[in-house]
Amino acid sequence: MIQFEKVTKEYPRRGEALSNVSFQVQKGEFVFLTGHSGSGKSTTLRLVHFGERPTLGEVRVSGFSSDKTADRDIWKIRRRVAHVFQDFRLLPGRSATENVAFALEVTDTPRKEIRPRAQRLLSQVGLAHKSGATVEELSGGEQQRVAIARALVTNPLVLLADEPTGNLDERATRGIMDLFRELNASGMAVLMATHDLEVVRRFPSLRVLELDQGRLVYDSLKAG
Amino acid sequence: MYALREALAAVRRAPVLVGLSAGMVALALFVVGLFTLAAYNLHVALATLEERVEVVAYIRDEASSPEVEVAIQELTRLGEVERVQYVSKDQALEQARRELPEFQEIFTGLNMNPLPASLEIKLSSGFRGPEAVSRVAGMAEAYPFVEDVRFGQDWVDRLFLLRRLAGITSGVLGLSFAVVAALIIATAIRIALFARREEIHIMRLVGARDGFIRRPFLLEGAATGLVGGALAVGFTWGAYWVGYRWVFAMEWLPTLWVMGGILMGAVFGLLASALALRRYLREV
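Top to bottom, those sequences are chains Y and A.
Residue 1 is where the first sequence starts when you use the working numbering, and the numbers rise one by one after that.
Residue 1 is where the second sequence starts when you use the working numbering, and the numbers rise one by one after that.
A hint or two may mislead.
[Said to hold, decoys possible] To be clear about the criterion: a stretch of chain Y counts as covered by chain A if any three or more of its residues have a C-beta under 8 Å from a C-beta of chain A, and this derived list gives those stretches:
hint, region
1, 57-67
2, 151-158
3, 195-207
[Stated by the list, open to error] Chain A side only, calculated, beta carbon under 7 Å to chain Y, not exhaustive:
hint, residue
4, L8
5, L173
6, L205
7, G207
8, A208
9, R209
[What the hints assert, rightly or not] For each label pair, taking beta carbons as the anchor points, the in silico distance ranges come out as:
hint, chain 1, residue 1, chain 2, residue 2, range
10, A, P15, Y, D178, 42 to 52 Å
11, Y, R53, A, R12, 51 to 61 Å
12, A, L17, Y, Y218, 46 to 56 Å
13, A, G19, Y, T134, 22 to 32 Å
14, Y, K112, A, L17, 31 to 41 Å
15, A, I168, Y, K112, 53 to 63 Å
16, A, L281, Y, P116, 23 to 33 Å
17, A, A166, Y, P92, 48 to 58 Å
18, A, A166, Y, R111, 54 to 64 Å
19, Y, D87, A, T187, 22 to 32 Å
20, Y, E182, A, R279, 34 to 44 Å
21, Y, D178, A, R278, 39 to 49 Å
22, A, R279, Y, P92, 20 to 30 Å
23, A, Y2, Y, P92, 46 to 56 Å
Hints are computed from structural coordinates only; laboratory data are not their basis.
Keep in mind the model is a prediction, meaning the values are calculated, not measured.
Ideal placement from N, C-alpha and C gives every residue a C-beta, glycine not left out.
Take these sequences, add in the hints, and give me the full structure.
Quick look at the structure:
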């Protein structure tokens with residue numbers, strides 16, 4: 001599903017953000033990506049999302065290679081690989097439904113299907129009762145659920161989550177993690193970047209990849 | 001459909017910005033329009049002058065009618081020549097008396113006609129340039145009965161130099177202002193893109209096609225250019241009307257040029273938007 005082959009990512013001013021990183025994530029797997037700030041977690045997710053290209057090495061995602069995929073085809077990957085963030089990135093002033101409907105509209109959903117599908121997705125993330133509330137009227141946990149509902153509009157195979165619980169309290173964090181586990185149970189691979197080791201410890205059976213200064217220093221799968 | 005809806009929504013969201021952009025484009029294209037109007041009228045004036053370009057071959061008194069007749073036929077057959085008119089000695093005197101009344105006394109006291117007969121060779125359109133005129137003059141001069149050939153070489157040279165200069169000047173200035181118009185549209189589109197950067201970011205995030213993201217902005221740019229172009233035509237017509245009424249008689253631009261001008265506004269708007277989008281989407 002996701003394959004990193006000796007990937008190095010270098011920025012002109014910052015230097016190396018990732019250094020010779022190799023790993024694979026299988027279909028339906030749930031993987032935590034841990035490490036301190038600046039260890040390369042977000043860069044890894046951006047590479048999976050083809051928001052960046054590696055300086056060296058190759059990233060392969062669902063049959064697409066970073067070496068061979070043209071910029072004009074990146075949208076195809078984005079429909080298979082969804083991305084949620086710590087800061088939610090919702091459209092302010094619009095309702096939960098409108099935020100999800102917007103994503104449906106711009107990804108070729110027939111007009112008459114948009115509203116019902118937006119409602120269904122909000123129900124799936126447990127927010128049917130808040131569908132009419134504007135972003136500003138929602139709590140952090142609820143906003144993250146809207147962001148997840150929006151990420152699901154294209155039925156992705158992979159969900160990338162960049163510190164999704166970073167702005168949430170304990171209860172909201174638990175709710176979001178439960179939601180991720182449900183999505184994962186339905187067959188979706190989840191790659192979640194977090195520096196919160198408490199969250200990671202709560203799920204000892206899940207795989208952990210640890211980055212330190214751009215190097216992959218630990219893979220629980222290989223450590224046994 | 002989405003593109004059209006979004007382009008209209010952009011006008012509703014920021015009518016002042018869109019209005020200002022169209023107005024600025026109109027002003028820039030208005031300057032282009034003024035240059036075009038001036039260039040067109042100069043072209044018309046020069047074309048009128050050009051029609052008067054002709055070669056006159058003066059004929060010796062001893063020339064025989066048949067050989068002159070053969071020469072007229074040969075010259076008429078040339079592609080560069082529209083027609084050849086024979087002016088006899090008597091007609092030349094008559095013409096001189098008519099056109100130069102101040103020399104009336106001299107003409108009346110003459111015992112003999114001093115003026116030579118001539119061939120007035122009118123050139124076809126497209127063959128009134130210095131080279132064609134010299135070529136025809138050379139051919140006429142080659143006839144042994146031709147005493148002299150006049151075609152005002154300096155005058156023809158200057159006329160064509162003026163025409164070339166006018167063409168280059170109006171072309172360069174017109175193009176410069178057209179580029180200014182394109183830059184204005186590009187800036188307006190960049191402002192619109194910046195105002196909607198969150199939406200664009202989300203579109204890219206969820207996998208909207210680039211074309212889908214671009215289309216509303218391209219449409220907006222083309223519409224801004226179109227409206228700006230139409231306004232510019234209106235302003236130019238106003239300037240023409242004022243000029244015609246208060247300064248001197250001039251000609252309005254041909255309809256095809258006007259339509260082309262408006263269309264050019266739309267094309268500039270489209271290209272400027274495409275350029276702004278290309279740069280912006282690379283950065284997002």
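query = Does the nearest C-beta of chain Y fall within a distance shorter than 7 Å of the C-beta of R209(A)?
reply = Where the cut-off is 7 Å and the nearest Cβ of chain Y is about 5 Å from R209(A), the hint holds.
inquiry  = Please check whether G19(A) and T134(Y) have a Cβ separation lying inside 22 to 32 Å.
reply    = holds (29 Å)
message = Quick check: does the Cβ-Cβ distance between L281(A) and P116(Y) fall within 23 to 33 Å?
response = Check passed, 31 Å falls within 23 to 33 Å.
query = Regarding R53(Y) and R12(A), is the given constraint of 51 to 61 Å on their beta-carbon distance met?
reply = Since R53(Y) and R12(A) have Cβ atoms about 38 Å apart, the given range 51 to 61 Å is violated.
Hint check for K112(Y) and I168(A) - Cβ pair distance inside 53 to 63 Å = At roughly 59 Å between Cβ atoms, K112(Y) and I168(A) fall inside 53 to 63 Å, so the hint holds.
key: Cβ separation of D87(Y) and T187(A), checked against the hinted range 22 to 32 Å   = holds (29 Å)
inquiry  = Is 54 to 64 Å respected by the C-beta to C-beta distance linking A166(A) and R111(Y)?
reply    = holds (56 Å)
Verdict for P15(A), D178(Y) (Cβ pair) under range 42 to 52 Å = holds (47 Å)
query = Does the hinted range 48 to 58 Å hold for A166(A) and P92(Y) at CB?
reply = Given a distance of about 56 Å, which is inside 48 to 58 Å, the answer is holds.
query = Is 46 to 56 Å right for how far apart the beta carbons of Y2(A) and P92(Y) are?
reply = About 21 Å separates the Cβ atoms of Y2(A) and P92(Y), which means 46 to 56 Å is violated.
request  = State whether the coverage of the region 151-158 of chain Y by chain A holds or is violated, taking the criterion as 3 or more residues with Cβ-Cβ distances under 8 Å.
outcome  = holds (count 3)
query = Can the hint on G207(A) be confirmed by a CB-to-CB distance to chain Y that is less than 7 Å?
reply = holds (3 Å)
This entry does not satisfy hints 1, 3, 4, 5, 11, 23, going by the numbered hints stated previously.
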